[in-house]
Amino acid sequence: MPASMGSQMTIDDVRGKIAEGQTTATALAQDFYRHIREEDPEIGAFLTLSEERALAQAGRIDQMAAEGKPLPPLAGVPVAIKDVMVTSGVRTTAGSKILDNFVPPYDCTAVARLEAAGAVILGKLNCDEFAMGSSTENSAYYPVHNPRDKSRVPGGSSGGSAAAVAANMAVATLGSDTGGSIRQPASFCGVVGLKPTYGRVSRYGLIAFASSLDHIGPLANTVKDVALVLRTIAGRDAMDSTSAEVLVPDYVAELEKPIAGLKVGVAKEYFGAGLDSEVRAAVEAAIQKLAELGCEVVPVNLPHTEYAVPAYYIVATAEASSNLARYDGVRYGFRARANTLSEMYRQTRDSGFGLEVKRRIMLGTYALSAGYYDAYYLKAQKVRTLLTRDFDEAFKKVDVIAAPTCPTVAFKLGEKVNDPLAMYLADIYTVTANLAGIPGISIPCGENHEKLPIGLQLFARHFDEATLLRVAHAYERGRSSLAAGG
Amino acid sequence: MKVTDQDVAYVADLASLELTEEERARMLRDLNSILGYIERLGELQTDEIAPMAQVSDRYGVDESRQGSERFAYASRDDVTEGLRKSLPHEAAMKNAPDTDGTFFEVPKVIER
Numbered sequence: 001m002p003a004s005m006g007s008q009m010t011i012d013d014v015r016g017k018i019a020e021g022q023t024t025a026t027a028l029a030q031d032f033y034r035h036i037r038e039e040d041p042e043i044g045a046f047l048t049l050s051e052e053r054a055l056a057q058a059g060r061i062d063q064m065a066a067e068g069k070p071l072p073p074l075a076g077v078p079v080a081i082k083d084v085m086v087t088s089g090v091r092t093t094a095g096s097k098i099l100d101n102f103v104p105p106y107d108c109t110a111v112a113r114l115e116a117a118g119a120v121i122l123g124k125l126n127c128d129e130f131a132m133g134s135s136t137e138n139s140a141y142y143p144v145h146n147p148r149d150k151s152r153v154p155g156g157s158s159g160g161s162a163a164a165v166a167a168n169m170a171v172a173t174l175g176s177d178t179g180g181s182i183r184q185p186a187s188f189c190g191v192v193g194l195k196p197t198y199g200r201v202s203r204y205g206l207i208a209f210a211s212s213l214d215h216i217g218p219l220a221n222t223v224k225d226v227a228l229v230l231r232t233i234a235g236r237d238a239m240d241s242t243s244a245e246v247l248v249p250d251y252v253a254e255l256e257k258p259i260a261g262l263k264v265g266v267a268k269e270y271f272g273a274g275l276d277s278e279v280r281a282a283v284e285a286a287i288q289k290l291a292e293l294g295c296e297v298v299p300v301n302l303p304h305t306e307y308a309v310p311a312y313y314i315v316a317t318a319e320a321s322s323n324l325a326r327y328d329g330v331r332y333g334f335r336a337r338a339n340t341l342s343e344m345y346r347q348t349r350d351s352g353f354g355l356e357v358k359r360r361i362m363l364g365t366y367a368l369s370a371g372y373y374d375a376y377y378l379k380a381q382k383v384r385t386l387l388t389r390d391f392d393e394a395f396k397k398v399d400v401i402a403a404p405t406c407p408t409v410a411f412k413l414g415e416k417v418n419d420p421l422a423m424y425l426a427d428i429y430t431v432t433a434n435l436a437g438i439p440g441i442s443i444p445c446g447e448n449h450e451k452l453p454i455g456l457q458l459f460a461r462h463f464d465e466a467t468l469l470r471v472a473h474a475y476e477r478g479r480s481s482l483a484a485g486g
Numbered sequence: 001m002k003v004t005d006q007d008v009a010y011v012a013d014l015a016s017l018e019l020t021e022e023e024r025a026r027m028l029r030d031l032n033s034i035l036g037y038i039e040r041l042g043e044l045q046t047d048e049i050a051p052m053a054q055v056s057d058r059y060g061v062d063e064s065r066q067g068s069e070r071f072a073y074a075s076r077d078d079v080t081e082g083l084r085k086s087l088p089h090e091a092a093m094k095n096a097p098d099t100d101g102t103f104f105e106v107p108k109v110i111e112r
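Respectively, the protein sequence lines represent chains E and G. Heads up: the first sequence is residues 1 to 486, going by my numbering. Heads up: the second sequence is residues 1 to 112, going by my numbering.
Rather than coming from a laboratory, the hints here were simulated on the basis of the structure. Each hint should be verified, as a subset may be incorrect.
Unchecked claim - With a cut-off of at most 30 Å between alpha-carbon atoms, the simulated DSSO-like pairs for lysine-lysine come out as follows:
1) 97/E - 397/E
2) 416/E - 108/G
3) 397/E - 257/E
4) 289/E - 268/E
5) 268/E - 108/G
6) 97/E - 108/G
7) 451/E - 397/E
8) 97/E - 69/E
9) 397/E - 150/E
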């Protein structure tokens, strides 16, 4: 970069420039900080800059380069981390006032793996409080503005992660996705965002929202960069017993395999009422493009899709009500001053949590309370089985499924703040992959008449990120040649 | 099912939340709206369907075994050496709102 705003850099660009001595990791990090200081006041993507840690890491990379040592795969690559992943010695808030002063004593596994691969961690990114939201307006600090149109939301909850990539304030970022929180902001900001298979990436050090639905994943400007980051962070971690012992392929090598002959499923349930007509047209054109690239388009049925959002909001809030019980003011974070222990708990949580977090704790506690457990929580878990079976059946016939990421383009700030249900429905096409645990990616597939980005979503079988990325990469390349051609 | 003021008060109590009058009114309205939408799950016949609590149940469970043995994939052998060291006491206490250096301090638990 970023001599001037707007120039994109890929991981290969960074590696090339450092290897050829055109720049150093230190100079590059300083360039990015300069750009962030100029640009971010109007966007609000960052909550905390970790300059000391970044420059120390950049110095190590430059030292290795000076000594002629082989450089690690992400050497000097400026990245940033959603503020729901803990970073040793660097304030981590989860977008909440209850963790305003929290400085974790250890690193999230995904963050540690990025740094071990040479990445330079610029700072921590804004998000909805505890990742609860679809617009990043629930951040207890400030909302994030969409770099493509600052009057609009960047999506959420990883709004800072998507906006930072879109505004070239980081080459790649990490987000978390519990119901679409990586893919939906990627779609709204016009970048690539991947939610891997449940168990593919360790959740150790991810501040828990809903443990059976939470995923960590990468966002970047290209599919290849997303593949490079995934390769770095994926794989079994002894610190997370739900991380899977499943071989991590060389995703980048897999990208180049042909896609001709692959079967792409299309489900009418993802093209129903509420889908914006321009979004529909762009996604249908993208599916047509995949057909031109040699894929066979096959209709599939996902009949329980309409029950995904209601099932999701029971499961997610039930798990959240349990996970957020730990914020009691005793061991870390904000504490309200009170005369008795029970008053301290209540007042700490009352002043520390924002409205949406309280709403979800209330809903989840209600769904788990005596007399309602069977009607809500158990019912939702059974519907989760049905939704997962839908995908199992479909993937007997097809290799990937194509759909819109979101029913609309980015909406205006303030548009849905007072209507929680309308906000929840922004996740209608993304929550299914969290419930079933399958991987999903959002890649830009066009713009509407206001030049707002539209996202194509692809799903694949459990642990088949390789096929997902391969199809996304072929589409991305096909799309660029189309643009270049005409 | 309709959520009442009493339900809101009861659930807030379970969740260790106090909530202002305004927040309680808001919760009453929002919970009824969201639960109204969720009611549609009742349209599905699920008597014979097993609940799904975790995705990892799908790929790790050894169905030929019993009880917690089914989840053997998630466990490891006991080791006496090579475990990660615990956090130093000082590091663990660093974020404490109130501490005497050894313990977390809290207001009195038993009243009177």
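Going down the list of hints, with the structure as the test:
1. 97/E - 397/E: Cα-Cα ~48 Å, so violated.
2. 416/E - 108/G: It is violated: about 43 Å lies between the C-alpha atoms, which goes past 30 Å.
3. 397/E - 257/E: At roughly 21 Å apart (the allowed maximum being 30 Å), residue 257/E and residue 397/E satisfy the hint.
4. 289/E - 268/E: Between residue 289/E and residue 268/E the Cα gap is close to 18 Å, so the pair holds against 30 Å.
5. 268/E - 108/G: Answer violated: residue 268/E to residue 108/G is near 60 Å, above 30 Å.
6. 97/E - 108/G: holds (25 Å)
7. 451/E - 397/E: violated (36 Å)
8. 97/E - 69/E: violated (44 Å)
9. 397/E - 150/E: violated (42 Å)
Hints 1, 2, 5, 7, 8, 9 from the list above are not met by this structure, while the remaining hints are.
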